[in-house]
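Novice: Protein chains in written order, with my numbering: chain A, 58 to 225; chain B, 201 to 323; chain C, 0 to 385.
Keep in mind the hints are simulated off the structure, nothing from the lab. Warning: the hint list may mix true and false statements.
With a Cα cut of at most 25 Å, we get these calculated BS3-like pairs of lysine-lysine [claimed, not checked]:
hint, chain 1, residue 1, chain 2, residue 2
1, C, LYS362, C, LYS76
2, B, LYS232, C, LYS66
3, C, LYS66, C, LYS76
4, B, LYS232, A, LYS194
5, A, LYS194, A, LYS180
6, A, LYS218, B, LYS290
7, C, LYS62, B, LYS232
8, A, LYS180, C, LYS193
9, B, LYS290, C, LYS193
10, C, LYS76, C, LYS62
11, C, LYS362, B, LYS260
12, B, LYS234, C, LYS362
Beyond 10 Å from chain A on every Cβ pair, some chain C residues (computed) [as the list claims (entries may be wrong)]:
hint, residue
13, LYS76
14, SER139
15, TYR143
16, TRP150
17, LEU158
18, ILE162
19, ALA166
20, SER203
21, ILE213
22, ASP302
23, TRP329
Label pairs and their in silico Cβ distance ranges [unchecked claim]:
hint, chain 1, residue 1, chain 2, residue 2, range
24, C, TRP346, A, GLU107, 18 to 26 Å
25, C, GLN209, A, THR190, 32 to 40 Å
26, C, LEU307, B, PRO231, 39 to 47 Å
Just so you know, these numbers come straight off a predicted model, no measurement behind them. The beta carbon of each residue, even a glycine, is placed where N, CA and C say it ideally should be.
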Amino acid sequence: MGSYDVIFYILSIVSLGAALGVIFFPSPIYSALMLAITMSGLAAMFFTLEAYFLAGVQLIVYAGAVVVLFVMVLMLFDLRKESQPFSGQKISNFFKAGIIAAASMALIIPLSTVFFIRTEKTKPVTTVDLAGTLFTKYVFAFEAIGILLLVVLVGALALAKSRGGTHE
Amino acid sequence: MLDQLLPILILLLIVIVFGAGMLYLTSLAGPKAKQTPERLMPYECGIPGQDPQTTKFPVKFYLTAISFILFDIEVIFLYPWTLIYIENIKQMGGYLLISMGLFMGILVFGLFYEWAAGGLEWD
Amino acid sequence: MGADKVEIAINTVKIAIIFLMMIQMVPLLVWLERRGSAFIQNRFGPNRVGPLGLMQLLADAVKFITKEQFVPANAVKFLFLAAPVIALVPAALAFAAIPLATPIHIDPFHLLGQSWGPYTIEMQSVRMNVGIIYILGVSSLGAYGLLIAGWASGNKYSLLGAIRASAQMISYELALGLAIVGILMIYGTFDLNKMIEMQQGPFSFQFMGQAYEISWLPNWGIFFQPLGALLFFIATFAESNRLPFDLPESEGELVAGFHTEYGGFKMLMFFMGEYGHMMVGAGLVTTFYLGGFQSPFVWQTYDYMLNLAIAHHGPGTVASALTTGYFLIWFSIKVGLLLWVFIWVRWTLPRFRYDTLMDLGWKTLLPWTLGNVALTAIVLYWARAM
């Protein structure tokens with residue numbers, strides 16, 4: 058077992074443990090913080106795969122923006138009083154969820170080993186390659202993302218501007 | 201590949217050990233004062249404390265955060281573009297300029313729309 | 000990390016030393032800030048303990064360590080204690096990627112009956128090929144420390160301060176990220192070391208197929224991107240929550256903002272985080288716009304200085320280390336001057352109101368940075384492709 062494997066297992070344990078924490082912590086704020094750790098762990102995993110730019114994006118967009126939004130909103134509308142639906146679940150529900158998760162894993166893992174895992178060493182994809190493909194082959198999708206982001210912005214504005222509900 | 205990750209992880213470990221160690225050290229070195237209920241109250245200039253949970257926050261903070269995410273994604277797309285722009289400026293500079301200009305134009309339109317709709321006002 | 004045990008050991012120690020140096024800068028900066036503010040406000044400042052009040056640093060350190068470890072009853076204990084450490088992490092991690100000087104080349108040597116080396120020790124904790132993306136990524140985690148501190152304190156003011164702080168940080172992060180796009184466009188790389196390499200030599204550029212050169216001016220980014228440099232520097236102020244952007248801790252309204260309930264060493268760690276962000280900001284401005292660790296005198300290139308050192312001390316580790324030291328001094332001078340600007344501004348400008356602060360971020364800096372990006376792209380196209 059080389060140092061690469063050791064790092065891989067440490068990062069996997071951290072990411073998966075934090076991901077489990079997201080589900081099992083009764084307090085939503087702790088769940089959101091665990092999600093931040095999961096995202097940072099995934100960023101480090103991208104690093105080990107030499108996908109440096111994706112690692113940065115994972116950190117900037119997910120850990121640094123999306124989860125910050127979650128944490129902020131949870132703190133704004135503090136859900137301490139409304140945390141019962143999260144904590145008071147019956148054990149049987151966990152079992153059902155566990156069985157479904159185990160079944161899907163049992164399906165996905167063999168399939169992925171057959172179809173997706175390539176063992177031969179491929180040439181690492183650099184950020185320049187990524188940019189080249191993005192702005193030539195997928196340029197239409199890229200422009201479509203612009204439209205999508207605009208739609209999201211308009212939707213968020215409409216939500217925030219609406220009266221009534223929990224906020225004023 | 202590990203050359204760039206391992207130093208970060210080691211540094212992270214050093215920082216956490218440093219922080220936790222210093223907290224532990226100060227808890228050993230510091231005085232142990234007798235804790236009274238008044239002493240443990242949240243700081244509020246002497247008047248009885250107000251529960252932070254009863255404080256209401258404007259929804260503006262949420263709008264700020266979500267518009268930040270959207271523009272952040274825009275900035276993220278600009279970064280790989282900067283890598284190839286100057287290299288290929290002779291062959292396809294105009295094409296790159298137009299494709300990014302279109303994308304940014306859409307989002308700048310979004311920014312001005314938000315501005316006009318009063319989404320950036322703090323009153 | 001290294002090919003053998005000695006190199007790994009050297010690199011690990013180097014990481015620890017760079018981190019501790021950064022921590023050690025904090026008391027010095029606090030002293031500078033207090034003396035500087037006194038100078039600006041025409042008073043004395045700390046001048047009793049030791050020469051120029053320098054021993055005040057030691058006295059402060061002892062005071063910080065011997066303070067009571069206080070946790071209020073309303074607080075969430077674990078997060079309350081973890082928040083200062085979390086606030087320290089982003090600054091420390093971001094600083095690790097900034098190149099401080101040229102690498103030291105260590106000649107082969109004998110130790111414990113074995114021969115080791117030669118080694119090349121980079122003067123930065125980690126040499127990243129996506130340095131700037133990594134720095135932006137880790138510093139975007141800075142909001143967590145403040146949010147956790149504010150929420151876990153169980154105090155109204157803390158929570159208000161934390162929410163304000165995070166909204167402010169994310170607003171200015173956009174301006175920060177966009178302000179450097181212009182200079183990234185010119186360099187065409189994310190690697191901080193390569194950026195410094197590209198700023199070597201005299202000021203030169205191409206325009207409409209012709210090359211121009213000004214021999215006495217260094218080839219620094221600030222001459223290509225003066226507006227970008229200014230906008231970036233402003234945004235780093237807001238990122239480090241310094242006056243005039245210190246709304247999160249505006250004492251007139253929020254007592255002390257997110258760190259109202261903190262005292263002693265926990266408080267000091269928030270300080271370290273803030274000063275760390277300042278150092279990262281100053282380091283990045285230096286790297287992007289002021290030629291990094293390079294000397295402002297154009298003829299003093301790396302080779303020139305190395306040959307000078309070799310002429311005096313002969314080739315080997317000593318000459319290499321001396322050259323590195325020389326460039327480290329230039330880096331320190333540039334960063335020190337920028338840090339002085341941070342302090343100077345703090346004691347000169349009044350604080351913003353919250354709405355004016357957000358207006359500056361969204362309605363002024365953001366359009367200006369976008370304009371800078373568009374302008375740079377068009378001028379580059381005009382100058383290079385036509």
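Novice: Now look at each hint and say whether the structure bears it out.
Specialist: Hints versus structure:
Between LYS362 of chain C and LYS76 of chain C, the direct Cα distance comes to roughly 40 Å. Violation of the 25 Å bound is thereby established for this hinted pair. Restraint check: the Cα-Cα separation between LYS232 of chain B and LYS66 of chain C comes to about 9 Å, which is no more than 25 Å; the hinted pair holds. With a C-alpha separation of about 18 Å, the suggested pairing of LYS66 of chain C with LYS76 of chain C holds against the 25 Å cut-off. The suggested pairing of LYS232 of chain B with LYS194 of chain A is violated, with an alpha-carbon distance near 67 Å, which exceeds 25 Å.
The straight-line distance between the Cα atoms of LYS194 of chain A and LYS180 of chain A is roughly 20 Å, inside the 25 Å bound, and the hint therefore holds. Of the pairs offered as hints, the one joining LYS218 of chain A and LYS290 of chain B is violated, with about 47 Å between alpha carbons and a cut-off of 25 Å exceeded. Straight-line distance between C-alpha atoms of LYS62 of chain C and LYS232 of chain B comes to about 15 Å, which keeps the hinted pair within the 25 Å bound. Taking the CA atoms of LYS180 of chain A and LYS193 of chain C, the gap is about 23 Å. The hint holds against a cut of 25 Å.
Under the criterion of a C-alpha separation no larger than 25 Å, the hint pairing LYS290 of chain B with LYS193 of chain C is consistent with the structure, at around 22 Å. A C-alpha spacing of about 23 Å is found between LYS76 of chain C and LYS62 of chain C, which places the hinted pair at or below 25 Å, so the restraint holds. Between LYS362 of chain C and LYS260 of chain B the CA atoms are separated by roughly 15 Å; this keeps the pair inside 25 Å, and the hint holds. Pair hint LYS234 of chain B plus LYS362 of chain C does not hold up; C-alpha atoms about 51 Å apart against a cutoff of 25 Å.
Look at LYS76 of chain C: its CB is around 13 Å from the nearest CB on chain A, clear of 10 Å, so calling it non-interface holds up. Not every C-beta of chain A lies more than 10 Å from that of SER139 of chain C, the closest at about 3 Å, which undercuts listing it as non-interface. Not every beta carbon of chain A lies more than 10 Å from that of TYR143 of chain C, the smallest distance being close to 6 Å; the non-interface claim is violated. Here TRP150 of chain C does not stay apart from chain A, with its beta-carbon only about 5 Å from theirs, under the 10 Å limit.
At roughly 7 Å from the closest C-beta of chain A, the C-beta of LEU158 of chain C falls inside 10 Å, breaking its exclusion from the interface. Its closest Cβ contact with chain A, about 7 Å, brings ILE162 of chain C to no more than 10 Å, contrary to its assignment away from the interface. Separation of ALA166 of chain C from chain A is inadequate, the least Cβ-Cβ distance of about 8 Å not exceeding the 10 Å criterion. Non-interface call for SER203 of chain C relative to chain A: holds, since the shortest CB-CB distance, roughly 24 Å, exceeds 10 Å.
The beta carbon of ILE213 of chain C sits about 31 Å from the closest Cβ of chain A, which is more than 10 Å, so the claim that it is off the interface holds. Non-interface call for ASP302 of chain C relative to chain A: holds, since the shortest CB-CB distance, roughly 29 Å, exceeds 10 Å. A cut-off of 10 Å between C-beta atoms confirms that TRP329 of chain C is not in contact with chain A; the least separation is 29 Å. Taking the beta carbon of each, TRP346 of chain C and GLU107 of chain A are about 46 Å apart, not inside 18 to 26 Å as hinted.
The beta-carbon spacing between GLN209 of chain C and THR190 of chain A, approximately 34 Å, falls within the hinted interval of 32 to 40 Å. Distance hint for LEU307 of chain C and PRO231 of chain B: a CB-CB separation of about 56 Å, inconsistent with the stated range 39 to 47 Å.
In this structure, the earlier hints numbered 1, 4, 6, 12, 14, 15, 16, 17, 18, 19, 24 and 26 are contradicted, and the remaining ones agree with it.
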